[in-house]
Amino acid sequence: MFKLGKKNSESQVLSDMNAFTKQKRYEALVQAYHQDIYRYGYWLTGDASVAEDITQETFLRAWKSLDSLKDEKAAKSWLITIFRRENARRFERKQFDIADVDEQTVSDDFSATSEQQIEQHWLHKHIASLEAEYREPLVLQVIGGFTGDEIAEILELNSNTVMTRLFRAKNQLKAIMDESNTQLRVVK
Amino acid sequence: MNDLDLHKKLIAAPSELDAEQSEAIGKDPKKQQLLAEMQELDNNLAKAMSVDVPDDLANKLLLKQSFEQFRQEQKQKRRWSLAMAASVIFTVSIGLSHLFFNPINQAQPVSEYALQHMFHEIGYADKVNENHSLAQVNAKLATFGMQLNQEVGHVYYANYCDLYGLKSLHLVMEGKNSKVTVFVLPKSELTGWQPFEFKQYKGQSIRYDKADIIMIGENNESLEKLETKFNKNIEWRI
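Here the protein sequences come in this chain order: P and C. Read in order, the letters of the first sequence are residues 1 to 188 in the numbering used here. Read in order, the letters of the second sequence are residues 1 to 238 in the numbering used here.
Chain C extracted, bound-state conformation (with noise of 0.2 Å):
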């Protein structure tokens, strides 16, 4: 190794000199000097990069693999009695098979794409706050026919979004102890509305004539409590 390659690598690689290379250093007081500038460089480099990591990482990392792996579960099982259906219905009757054949058994129940969902936008729709107004939040919620006739609690953040190809209305509320993630879904024919429990999360939904709303908060929650101020204060528009 030359001179010029020395140097290079003493600026680009202070960590790597071989012991031949950190031999020709030590003779050279001009270079040792270089030597010492590049190692508190790189010190200084790796804390001025060292910026904070948010804390709730690790856990949130977590948490989507474990939910994404119930999904895959879910989905086997549903491959899996659909698949005994078919057959059944294949043993008893071909011709019958369309009877018991139910395609929207297929399709995800609703509690799992809005979880999903909101493991999606988890890391920016929990942490935003753009403090709605009442009269903001019945804007949109005008969509769905309906309005609120006072605050049922502070949101945090309101905005339209897809589910299941539905355009709907995610919100984020203020609970009693936590936040509470609500989707307003116009009716449709989706199926599996019945409360639900994921890890730290749970979830219910309410089935109006006009419109079906899921609430998602963690397990100290009152879900309960948030369905009575939405039956007591929403008005539908015909």
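Bound conformation, chain P alone (with noise of 0.2 Å):
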């Protein structure tokens, strides 16, 4: 009886060094990326509410799921991935366009003042009227870090179409940069 006993209190001691490892692991998942995860997700979804709805989702999946996580290194990739799927599902249920979202509810409050705040928010607007296609590629290597091939396997596509559809979005950005520059020159 008391061999059980004992072993009882060792298996509860491990579960209980588990869960506190667990629960250290995601507070640390979520300090390290609940920011570029969001990001992501804002300018995935267009929508600053369905981003944080998604990205709350997302994490509390990743908890569930923490033991699936095997290398600490993946972790960023791992929850875009998640994130992905749980944006899919939200159009699975709902069944709306995605155009219906992109363009109109990025958020176009803004005020300017320097000629440096015009141009990000010239940026801002632009890159929220980027085809999805170009646009999620840009946002996962400027938000998130990632080089082609990384992208290129979160989006399960070929290294070159993503070199190809970063290559048009900069060189679309970069043409209405140039331009809006022009135009403010001629204004002065």
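Hints should not be assumed to be uniformly reliable.
Said to hold, decoys possible - Derived DSBU-like pairs (lysine-lysine); straight-line CA-CA distance at most 35 Å: (1) Lys77/C - Lys70/P; (2) Lys22/P - Lys199/C; (3) Lys64/C - Lys64/P; (4) Lys125/P - Lys199/C; (5) Lys174/P - Lys31/C; (6) Lys70/P - Lys64/C; (7) Lys199/C - Lys64/P; (8) Lys22/P - Lys77/C; (9) Lys125/P - Lys31/C; (10) Lys64/C - Lys225/C; (11) Lys64/P - Lys167/C; (12) Lys225/C - Lys73/P; (13) Lys127/C - Lys22/P; (14) Lys75/C - Lys22/P; (15) Lys47/C - Lys24/P; (16) Lys167/C - Lys125/P; (17) Lys64/C - Lys73/P; (18) Lys70/P - Lys47/C; (19) Lys125/P - Lys127/C; (20) Lys64/P - Lys60/C; (21) Lys199/C - Lys174/P; (22) Lys167/C - Lys24/P; (23) Lys202/C - Lys64/P; (24) Lys125/P - Lys8/C; (25) Lys47/C - Lys22/P.
I should point out that these hints are in silico values taken from the structure, not numbers from a laboratory. In this text the structure is predicted, and so the values were computed from the model without any measurement.
Assembling the complex is the task here: the two chains are given apart, and the hints tell you how they should meet.
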């Protein structure tokens, strides 16, 4: 009986330790990545409150399946993958058109003062109006800090396709910025 | 890598150039100029994309998770005690088991469900201010055969919701120190109405003859005061 009791208390300690470690891992994950995940979501969905909602779903799901995350270095792309799946579920549930959300809801309540802010505002608007297939790899590169190959893996695309989309996205944005700079100069 | 590929990579991913590519660019002033421009664009993009993140997002993520954990533990406890009860009953007498077996014990306590619902809607229900008038709130309370004689506090949010499949009213009201979430439920067989606490939240219920109310506020909130206000101001319609 005594032995059995001891064994039980040992397994209790182990299970408490596991719970403690899991909790610490989760907290570290939240602290390290919640901002990137939210921002990725903001640009993916075009809506701040939807981004917050899905970020919450994503982290809850991440906690539930934390044991399946073996390599901490892969945590960010793992979270992005969960987010994408949750976002896809949203469309299965609601069945509304992506295009409706994209351009209209990204907030446009900015009041610019300096030339630099005007430029930022312009960029914000034009990033939001990029086609989703160009915008997503761009956000993964700029916010997520992923390489072309990593983005290809997350999006399940060919590396060349990712490079082409990044190339087109940046070319478009650069052309727009160059044009706006010329206009600014003319105004002056 | 040919010139065209290099040009493409320079624009698409200037931070991923390898030594050989960087060297090739170093020899070509035009490419150097383009590289500088693309790096500047990347910097500007990073600034423009760094939108503000809600201040309390990290806390919400931790709170939701700890509640989920708490809920799972409660579920396990219930399963365990149910198994114990079943085994005791089995030992005593199989024939008597139906006397001890109360299916409601299996169900989640109403307090837990209310908390879960509140966490689920945290993010918008606690942020909106629809500024409901007493008449608007009373129109919704009429479903439960009740009305308020005067305002018991500013009502930020009032909407029907589904609690346990019961059409309930979810209110977010002004408390003394913080916002208070109030659920109005029709009478039911639900259990678990005792006061409860979870993290920085606490809750208690008021059980009237014709409806039940659950109030959830932060720890420093005086739910008793709100209860008194409800008691004084509710009028029942037959």
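Which hints from the list above does the structure break, by number from lowest to highest? As far as the earlier hints go, 4, 12, 16, 21, 22 are violated by this structure, in ascending order.
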